[in-house]
Amino acid sequence: MSLRDSIAAPMVPVRYRVVERRRETHDTVTLTSVPDAGVDALEEPRPGQFHMLSAFGVGEVPISVSGVGPQGGIEHTVRAVGANTEALDALSAGDAVGVRGPFGRGWHLDGAAGMDVVVLAGGIGLAPLRPVIQHLIEQREENRSVRLLVGARRSEELSFTSDLAAWSEAPGIEVAVTVDSATREWSGRVGVVTNLVEDLDVDAPRTVAFVCGPEVMMRFSARALIEFGLLPEKIQLSAERNMKCAIAHCGHCQYGPLLICRDGPVFDYPELCELMEVREL
Amino acid sequence: MNQNIRIEPSRLAATRFLSGLPEQSATTLSACAREITIGRGGFLAHESRTADEFFVIERGLVAIELLAPGRGPLIVATVGKGQLVGWSWLFSPRIWHFDAVALELTQAIAFDAEAVRQACDADPELRHELTGRVARAMSLRLEGIQIQLLDLYGSPS
Ligand SMILES: Cc1cc2nc3c(=O)[nH]c(=O)nc-3n(C[C@H](O)[C@H](O)[C@H](O)COP(=O)(O)OP(=O)(O)OC[C@H]3O[C@@H](n4cnc5c(N)ncnc54)[C@H](O)[C@@H]3O)c2cc1C
Numbered sequence: 001m002s003l004r005d006s007i008a009a010p011m012v013p014v015r016y017r018v019v020e021r022r023r024e025t026h027d028t029v030t031l032t033s034v035p036d037a038g039v040d041a042l043e044e045p046r047p048g049q050f051h052m053l054s055a056f057g058v059g060e061v062p063i064s065v066s067g068v069g070p071q072g073g074i075e076h077t078v079r080a081v082g083a084n085t086e087a088l089d090a091l092s093a094g095d096a097v098g099v100r101g102p103f104g105r106g107w108h109l110d111g112a113a114g115m116d117v118v119v120l121a122g123g124i125g126l127a128p129l130r131p132v133i134q135h136l137i138e139q140r141e142e143n144r145s146v147r148l149l150v151g152a153r154r155s156e157e158l159s160f161t162s163d164l165a166a167w168s169e170a171p172g173i174e175v176a177v178t179v180d181s182a183t184r185e186w187s188g189r190v191g192v193v194t195n196l197v198e199d200l201d202v203d204a205p206r207t208v209a210f211v212c213g214p215e216v217m218m219r220f221s222a223r224a225l226i227e228f229g230l231l232p233e234k235i236q237l238s239a240e241r242n243m244k245c246a247i248a249h250c251g252h253c254q255y256g257p258l259l260i261c262r263d264g265p266v267f268d269y270p271e272l273c274e275l276m277e278v279r280e281l
Numbered sequence: 282m283n284q285n286i287r288i289e290p291s292r293l294a295a296t297r298f299l300s301g302l303p304e305q306s307a308t309t310l311s312a313c314a315r316e317i318t319i320g321r322g323g324f325l326a327h328e329s330r331t332a333d334e335f336f337v338i339e340r341g342l343v344a345i346e347l348l349a350p351g352r353g354p355l356i357v358a359t360v361g362k363g364q365l366v367g368w369s370w371l372f373s374p375r376i377w378h379f380d381a382v383a384l385e386l387t388q389a390i391a392f393d394a395e396a397v398r399q400a401c402d403a404d405p406e407l408r409h410e411l412t413g414r415v416a417r418a419m420s421l422r423l424e425g426i427q428i429q430l431l432d433l434y435g436s437p438s
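Protein chains in written order, with this note's numbering: chain G, 1 to 281; chain P, 282 to 438.
Source of the hints: derived by calculation from the structure; they are not laboratory data. Cβ atoms here follow ideal geometry from the backbone N, Cα and C, with glycine treated the same way. Mixed in with the good hints there might be a few duds.
To be verified - One side of the interface only, derived from the structure: several residues of chain P facing chain G at Cβ under 10 Å: (1) 289; (2) 297; (3) 321; (4) 344; (5) 346; (6) 359; (7) 362; (8) 425; (9) 426.
Claimed, not checked - Cross-link-like lysine to aspartate or glutamate pairs, in silico, EDC-like; alpha carbons within 16 Å at most: (10) P:362 with G:199; (11) P:362 with G:201; (12) P:362 with P:385; (13) P:362 with P:339; (14) P:362 with G:198; (15) P:362 with P:316.
Same shape as in the complex, but just chain G:
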């Protein structure tokens, strides 16, 4: 590869092909993509990392890896909120998709060894946490509690429902789901996801938490976890900001002194807590 090519490489999307499209909710799909014929697979992503995905002819956006399948297949779960995500949402099996990455600092899973674990997700925030849960199930440790707390606006807006059912059956993990409001057809919990924290049966000072969801939810969840007794430095959050280059050149994803693409998207809570309270950020 020439010097020019190697400098350009991280900016050039690799052509992948969608092999499966699974509808999660009315506005969210999970796409499984594999490298197109004759194309080398990208480096295997670590839990919490993201790719820049492009719907050709529309644009490129950061999307977290929500799973890794066989034959270099990668899963992304996309919620359609604007031009780019709508174009990705419209892709079908056989369509081409551009992929760059993986980028960013993922979840620090080493810190979870020997500790109880709380995984707390709101809405689409479960996507980047799915590989964490899969990891925790595969690397099961005896005497360790894993608690998955999931919040969604309504039951119809819950993603990964078959995973949630399967995880509930897995040994060592308990799953609690709550929605903001419901009809009688829903027999589970109703209320804000932070309510689930006070019911946790974990050894708080020996617990790590992985939290992902909209920023307001993460702010309140981190506070609830700390009130429950978790140490702030044991709480990891995944932050989101608009992003363009994903390789710390353009500054689009600047968040105070941090660049989300380079320093994150996963941060320890103490790195973010003050920034999250600055109105202008």
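Model the placement of chain P with the ligand on the given structure of chain G, informed by the hints.
Below, chain P with the ligand alone, put in the same frame as chain G:
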């Protein structure tokens, strides 16, 4: 199925809502309490009826419901183990503002509101303990609703 089993004071302090309640207050309060068990779909409270009881859940899950015209009952919150159902008994006009329905087999401690009010009149420490705990439960519910109003899962901005 409702039962009329008397409650030991220590059982009150074993619930999250009443944990750490001074012994004297627990003894007074337990004289106003009985155990109830309600099957799935059974009502603990009906909107607009007199709030002459309140409950602390020991086991099970209770839906706080509002009837929305044309939409049927909507669950706005659930209350589970160790939590309080009902504070309307504290304030005039002392009527329930929602339905409370068991979503699964539920065991709760039911308190006779009139007897508790009288006990509070006679025992300022009990009043202080109880109103503080009710205020905390109300503030947690309010905080939850405020967070929900931010449309927690909607937009990141
Ligand atoms: C590191 C990282 C990982 C991400 N992972 C995922 C993921 O796994 N799945 C996913 O669906 N999205 C993810 N996002 C968010 C995603 O990148 C944005 O939704 C996307 O850039 C929006 O682009 P757009 O052109 O479709 O919409 P735009 O035209 O850019 O935005 C349309 C509207 O949607 C709002 N909006 C923007 N982002 C979001 C959002 N995340 N949720 C709700 N409303 C939003 C905007 O404020 C605007 O009002 C991630 C973002 C980052 C930074």
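Violated constraints from the hint list, given by number and in increasing order: 1
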